[in-house]
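Participant: Single-letter residue listing:
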Amino acid sequence: MGIDYRVLQEAAKWFAVLQSGSASRAEHQAWSAWLEQPEHARAWARIERISGQFQPLAADPVGRSAGGLLHSRRSNRRQALKMLSVLCGGTALSLASGHIPWRQWTADERTAVGEVRDVKLADGSNLWLNTDTALDIAFDTKTRRLTLYRGELLIEAPASRRARPLLVTSREGRLYSEQAARFSVRQDDGRTRVSVFAGIVDIQLDGFGITSIPAGQQTAFGSRGVEPLEAASAEHQAWTTGVLLADNQRLEDFLAELSRYRHGYLGCDPRIADLRVVGAFPLADTERVLDALAATLPVRIERRMAWWVSLEPAIERAGV
Amino acid sequence: MATEGMLRQQMLHRLYADHHGWLNGWLRRQLGCNQRAADLAQDTFVRVLSKDQDMAAIREPRAYLHTIAKGLLINHWRRRQIEQAYLDALALQPEPVVPSPESQALIVETLLQIDAMLMRLPTRVRSAFLMSQLHGMTYAAIAAELGVSERMVKKYMSQAMLHCLMLVEDD
Chain D
1 MGIDYRVLQE
11 AAKWFAVLQS
21 GSASRAEHQA
31 WSAWLEQPEH
41 ARAWARIERI
51 SGQFQPLAAD
61 PVGRSAGGLL
71 HSRRSNRRQA
81 LKMLSVLCGG
91 TALSLASGHI
101 PWRQWTADER
111 TAVGEVRDVK
121 LADGSNLWLN
131 TDTALDIAFD
141 TKTRRLTLYR
151 GELLIEAPAS
161 RRARPLLVTS
171 REGRLYSEQA
181 ARFSVRQDDG
191 RTRVSVFAGI
201 VDIQLDGFGI
211 TSIPAGQQTA
221 FGSRGVEPLE
231 AASAEHQAWT
241 TGVLLADNQR
251 LEDFLAELSR
261 YRHGYLGCDP
271 RIADLRVVGA
281 FPLADTERVL
291 DALAATLPVR
301 IERRMAWWVS
311 LEPAIERAGV
Chain C
321 MATEGMLRQQ
331 MLHRLYADHH
341 GWLNGWLRRQ
351 LGCNQRAADL
361 AQDTFVRVLS
371 KDQDMAAIRE
381 PRAYLHTIAK
391 GLLINHWRRR
401 QIEQAYLDAL
411 ALQPEPVVPS
421 PESQALIVET
431 LLQIDAMLMR
441 LPTRVRSAFL
451 MSQLHGMTYA
461 AIAAELGVSE
471 RMVKKYMSQA
481 MLHCLMLVED
491 D
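Listed in order, the protein sequences are those of chains D and C. The first sequence maps to residues 1 to 320 in this note's numbering. The second sequence maps to residues 321 to 491 in this note's numbering.
If you're looking for bench data, these hints aren't it; they were derived computationally from the structure. Predicted, not measured: the structure shown is a model, and the values here were computed from it. The C-beta atom is built at its ideal place from N, Cα and C for all residues, glycine as well. Hints are not guaranteed to be accurate.
[Unchecked claim] Listed below are several chain C residues computed to face chain D (Cβ distance under 10 Å; list not exhaustive):
id: 1; residue: Leu-332
id: 2; residue: Asp-363
id: 3; residue: Ala-405
id: 4; residue: Leu-407
id: 5; residue: Leu-410
id: 6; residue: Leu-412
id: 7; residue: Gln-413
id: 8; residue: Pro-419
id: 9; residue: Thr-430
id: 10; residue: Met-437
id: 11; residue: Gly-456
id: 12; residue: Met-457
id: 13; residue: Lys-474
id: 14; residue: Gln-479
id: 15; residue: Glu-489
So here's chain C without its partners, still in its complex pose (with noise of 0.2 Å):
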């Protein structure tokens, strides 16, 4: 075992040294910023190494890198996109308001937990489901923003809810 996770720290310090710079450039391009860059090229070896995958076995190492980082780098952009939006949201209130950086934080979070959990749902699906758990919207209100039947919307909100239910486990 021990010799195992040697070869193992062995192959991707390998990986690293080989790839780390062009992984880095391509981020910065992206980017547009060092520092930024730096920081997901360490969280995409990070991921790498964190994954239990036989790492002998990756043939084509910079199309594996690319894809970790490319999946990070959308998670920033979202990440980002949704801080804005929240900034957005607070510039907008009718009075002044500064939650505290904790609660922040807190509501930023929870906006991203739920997007991972509905992002891979149709737009409509999602839709209804976020009008009636974040809105607390009817599904006579919601039938009509979306032009369907009450009883497409009680679809919707069981396949929403049945793609969730497969994505969480039991505590």
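The shape of chain D in the complex, shown without the other chains (with noise of 0.2 Å):
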């Protein structure tokens, strides 16, 4: 059975609305009228279908990062023969299955939503990536070079034997160290910040010098220079093992921290807002941060689709 083409274009609006992950209350819930409809509601089921495709992808890092042609046009013969190494016999990827060519140092790492991951780098560093970040490693015999994009990094750096000093590039500066050293990196908007657990990272900001930040200690640098240093706090290194740590947190605070980690919407009723949140959570599980909050504080989750949680205060005021 068909779906009227009109309906399909309502449901084409609503996705590219609603996947903004800024969508309104008020837009929310005018899709949720639109979606009782029979007819809307199938075409929304649609719409699940094609996104959830991409599910094995994204999931992937392998397949992500080769998913990366699909953005080039369908290319024609001789450009598939400059591409292809092997045309003839058997598939490509019976290749795979016994070894892997070991590459240069050049590599382009992303992390999911919701994915943290570690890698070894060359130089034994051991690097960790919170979720949804993006970055490039380009180690040369000069640097070891980390440029992020996006989202936020931890990495633990031995001495370089080479006298290699380790950058790290932000889109508001670089981050420079060239002894040994553990320190995180988060890429906000229009803000930097570095928190550093071990050894020594200096800040080099165009037009406000070098500012060292000793062990211990974390700040954040922006157009504006260098923030004030504070004390560094575990929950910047937490997120390696797994586990997002709040300390006395605002839950508006708590719940923005805990967005990264899902897709959606997540947010609170500005009543509730000022509740305390003290406590470890795991990050793999977020629905079950969710349901640890309903259970020790004050609130209660409203679910109103996937994509789409927000924490109300547990008892309504009647007649409201």
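Take the two lone chains, each set in its own frame, and fit them into one complex as the hints suggest.
Facilitator: This is how it looks when you write it as structure tokens:
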């Protein structure tokens, strides 16, 4: 049974609105109302199926990276020949079952929303990528360079045997370390946050010179320079072990952190925004974290749809 | 009905006898590989057979076969490109990983399906959709990447989804 073109158009528009991650409550309610019609629900089921097709890829780093090819147009024979190393015989994939050719360290690393992954680097460093992170790794004979485009990393670097400094570039500036160090870098909107847990890290900021951050300190920097140093908080390294730490955090802020690890909207009613959250929560299962909040705070979870979760006061005032 | 089916069989047989050698030769020149050429020539005739078309109406059999074979050839190249891209991506993993053949095949098949689904979209629209669905990028990040406004990204997203919606059927 076909679906009316007009309905498909509406469904596609709703998809674009909801997928933005910034849909308003009013928009969500309008969508819910729209969904009540059976034909609309059928169109939406199609959308979920299409969107679901991406799941096995999005969850697989190799698939995600190979998916880069899909951005390009289908190529003609000459391009195909240029690219393919093997044309005759069995499929190229049979090569993979044996050995994997080892390449130079020029990798493009990404994590999906909710994914935390660690990577062993060529110099023996351990690198962790937090949720929704994208970075480049470029090691050569002079420097070890990481470029953080999005998200958060934590690096544990040994002292360099060949005096190759470690450079981490964010949108706002550069971080520099020559000795053994352990520090995290987080790219926020217009601001880079850095927490140093071992060693010393220098911030190089155009127009502001160099600021050294010793172990146990953290700060942030942006277009207005480096903010005052403060004690490094454990939450900035707890995520590497899959733990979200909250040390007397406002509920609203805690939910903003938690929402980094899941798709869709996660928020709360302003009346409960200032409730305090204390504890260690498993990042791997954000639904369980929400259940834990509902069990310990006077809040209830309003699951309006898979992409839309709101925390509300546990007891609604009657008659409102 | 039975005679109609038999007639069809005869026409196909004729088509095969008259043009298989020519088609095979053309594919061999394109692919540089006898085995693959033979496979694709076979696939071409299977495709002709599965099309519910009146074979007597085919005026230019070679042009017809050529069109079908070319489509298969492009799919073949695309599959090889995608397999190659998958291998490259595997090789670039920081730790040597060897996924099971099943999971490799699943990923390559999924890539092919998505590629086929998005093939006819304008490049930017396709890219925006992939960045969102595959890489989980925000509209702001996609807008920055493509050099367009966030509103335009939203438009692209709905355009791409509408396109996909029209391609799929209900279960």
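Participant: Hint check: is the beta carbon of Met-437(C) less than 10 Å from a beta carbon of chain D?
Facilitator: Holds: closest Cβ of chain D sits about 8 Å from Met-437(C), inside 10 Å.
Participant: Holds or violated: is the Cβ of Glu-489(C) closer than 10 Å to a Cβ in chain D?
Facilitator: 9 Å, holds
Participant: Taking 10 Å as the limit, does the beta-carbon of Thr-430(C) come near enough to a beta-carbon in chain D?
Facilitator: 5 Å, holds
Participant: Taking the least C-beta to C-beta distance, is Gln-413(C) closer than 10 Å to chain D?
Facilitator: Holds, about 6 Å.
Participant: Identify whether the interface hint at Leu-412(C) stands, where standing means a beta carbon of chain D within less than 10 Å of its own.
Facilitator: Result: holds, 5 Å to nearest chain D Cβ.
Participant: Let's test the interface hint: is any C-beta of chain D closer than 10 Å to that of Gln-479(C)?
Facilitator: 7 Å, holds
Participant: Are Leu-410(C) and chain D close enough, Cβ to Cβ, to be under 10 Å, as the hint says?
Facilitator: 5 Å, holds
Participant: Holds or violated: is the Cβ of Pro-419(C) closer than 10 Å to a Cβ in chain D?
Facilitator: 7 Å, holds
Participant: May I ask you to test the interface hint for Lys-474(C) with respect to chain D, counting a Cβ-Cβ separation under 10 Å as satisfied?
Facilitator: With a minimum Cβ separation of about 5 Å from chain D (threshold 10 Å), the hint on Lys-474(C) holds.
Participant: Close enough to count: is the Cβ of Gly-456(C) nearer than 10 Å to one in chain D?
Facilitator: Interface hint status for Gly-456(C): holds (5 Å vs cutoff 10 Å).
Participant: For the restraint on Leu-332(C), tell me whether the closest CB of chain D is nearer than 10 Å.
Facilitator: 28 Å, violated
Participant: Would you check whether Leu-407(C) satisfies its interface hint, that is, whether its CB is within less than 10 Å of any CB in chain D?
Facilitator: Status holds, d = 6 Å.
Violation of the numbered hints given earlier is confined to hints 1, 2; the remaining hints are satisfied by the structure.
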